[in-house]
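If you're matching them up, the sequences are chains F and X in order. In case it helps, the numbering used here puts the first sequence at residues 323 to 554. In case it helps, the numbering used here puts the second sequence at residues 10 to 320.
None of these hints come from the bench; they were simulated from the model. Where is the CB? At the ideal position from N, CA and C, for every residue including glycine. Accuracy of the hints is not assured; some may be wrong.
As the list claims (entries may be wrong) - Quick list of simulated restraints, FRET-style, between CB atoms:
(1) Pro-393/F - Leu-62/X: 20 to 30 Å
(2) Pro-393/F - Leu-298/X: 43 to 53 Å
(3) Leu-449/F - Arg-112/X: 27 to 37 Å
(4) Glu-310/X - Glu-431/F: 26 to 36 Å
(5) Gln-407/F - Ile-25/X: 52 to 62 Å
(6) Val-108/X - Leu-449/F: 33 to 43 Å
(7) Ser-379/F - Leu-14/X: 48 to 58 Å
(8) Thr-339/F - Val-116/X: 28 to 38 Å
(9) Arg-112/X - Tyr-548/F: 37 to 47 Å
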Amino acid sequence: MSVLQTKGLTKQYAGLTAVSEVSLTVEQGQIHALIGPNGAGKSTLVGMVAGRTEPTSGEVWFEGENVTPLPAHARIRRGMAYTFQITAIYERLTLAANLELALRDRSREKAIAALDRVGLADRADQLAGDLAYGHQRLLEIAMGVAQSPKLLILDEPTQGLAESEIAEFNTLIKSLAGDTTILLIEHNMNVVMELADRITVLETGSVLAEGSPDDIKSNPDVQEAYLGHAEA
Amino acid sequence: MSKSLALHLGLIAILIIAGLVLPAYHQGNLARILVLATYAVGYNVLFGYTGLLSLGHAMFFGAGMYGLGLAMQHGGVAALPAFGIGLLAAAALSAVVAVLALRTIGVAFMIVTLMFAQSAFLTVLYFGEWTRGDEGFVLQQATRQIAGLDLTNPLIRYYAALTLFAAALLITARMMQIRFGHILIAIRENEERTTMLGYNTQAHKFAALVISGTLSGAAGAAYALLFGYVGATFTSVQYSIFPLLWVLLGGAGTTIGPLIGTLFMFYLIDYTSGLTNAYLLIVGVVLVLLTLFARAGIMGEVRKRFAPWLP
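Construct the complete structure from the given sequences, taking the supplied hints into account.
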């Protein structure tokens, strides 16, 4: 069963087409990676999925239901979770308070348990803004995971993380596999190849290729998009 | 009993005793300060906790004041139901302003609220036949009573003002402990993040503005009732700036900051104007120093340095 389906999703900004007719299906329990060069429209696409950006045309279906007319907060209530490309946490609140807001439940126990999943439980009463950058990133991911979402959207989660932190991140995401469906935008190819069940490649707003990691690796169009023309 | 409840009840207890022991002059001042501090408490809900800076709250203060004043003066309504009319007028006006002004954010929100308040001010002047414009009108002493209590009696007036302030303080303190309040703070800290955690931020901002406007209106209605005067000055831009100043001085986003700020500002002017004609110069210098060295306001600094539990 598919958790998420986009049908001909298009976004135009004053004549510029950022995303063009993207139809994408994300299957239950899979980690679906979205890759592509800068400016390919990945963030705009997931923005439309989560309801942050209104599409020019096309539809978003979530769990067999058309959610296109729903505002972002209503989609989150239905089981989407979203982490921002630029870290978005409550810097002046404690880690525990951050998690309580994410859980939509003021249970400290649950907040601590969720922090424990990313190894931050012992810092529960620190201000989130005092954390090192990598830990802030992990906090944000924890806020997404804590919601036990049906679809977790991660927009470049490993950006700025150290190698060791990336390894922790991979372990965390693998521990969710099977239960949580994940839509992952990622530039780090090692992460993509290690985690993804399926990959969609976007280029200039359109789907260039879609398939398993092995298919994508050997796809000549993808190689060209990433590495440029042989004669160039 | 939690620390914060103890703080609020302790403060109210001190104010109850103050009413009995203070000399008449200061008792009268404090009655006025408590009503104005209620206005500041209302302003703080929107500015301090939700992070929305309004430059037009005088229209809500004025809606309460004129709602009560006009009903008593021209409708012959008794004080208590007239107070209810004042509250309704402020609630209705803040709901209308909320629907329109919350379509904007940041500086645009400041400008839009300022414009609405200017329109309200001009409306008061335009209907001068009933409002008597700048000159205003005096509420008859005989009508200023509730349940046989003469609100023109200084002691009763003081305790009426204190009752209003205590109610506003306890309501907002409680509000900030429940989930609703936490969501307002979340909106202040990061609205986009809050939306993307599944909260309807627009609906919460609407509710915050209506609560804030209604509390401000309650203060306006009480001011007219307790001090017997209704005038256009109270809807002017000056009265939109005051609560911002009081809240900033006392500590935005603290429960007792609004009272501390109002008290401080009132006595700063009272004291310095006794020293020199150039008292505004001294007031200005003190305000500049405070904004330089106590950016979080008086209670905000206390919270930062000594008492992180402060609500």
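Hints versus structure:
With their beta carbons about 25 Å apart, Pro-393/F and Leu-62/X fall inside the hinted range of 20 to 30 Å. Between Pro-393/F and Leu-298/X the beta carbon distance is about 45 Å. The supplied range of 43 to 53 Å therefore holds. Remark: the range hint 27 to 37 Å for Leu-449/F to Arg-112/X is upheld by a beta-carbon distance near 33 Å. For Glu-310/X paired with Glu-431/F, a C-beta distance near 33 Å keeps the hint of 26 to 36 Å intact.
At roughly 55 Å, the beta carbons of Gln-407/F and Ile-25/X sit within the given window of 52 to 62 Å. Against the hinted window of 33 to 43 Å, the Cβ-Cβ separation of Val-108/X and Leu-449/F comes to about 35 Å, which satisfies the hint. Between Ser-379/F and Leu-14/X the CB atoms are about 55 Å apart, so this pair conforms to the stated range of 48 to 58 Å. Between Thr-339/F and Val-116/X the Cβ separation comes to about 32 Å, which falls inside the hinted range of 28 to 38 Å.
Distance hint check: the CB atoms of Arg-112/X and Tyr-548/F are about 43 Å apart, consistent with the given range 37 to 47 Å.
In this structure, every one of the numbered hints holds.
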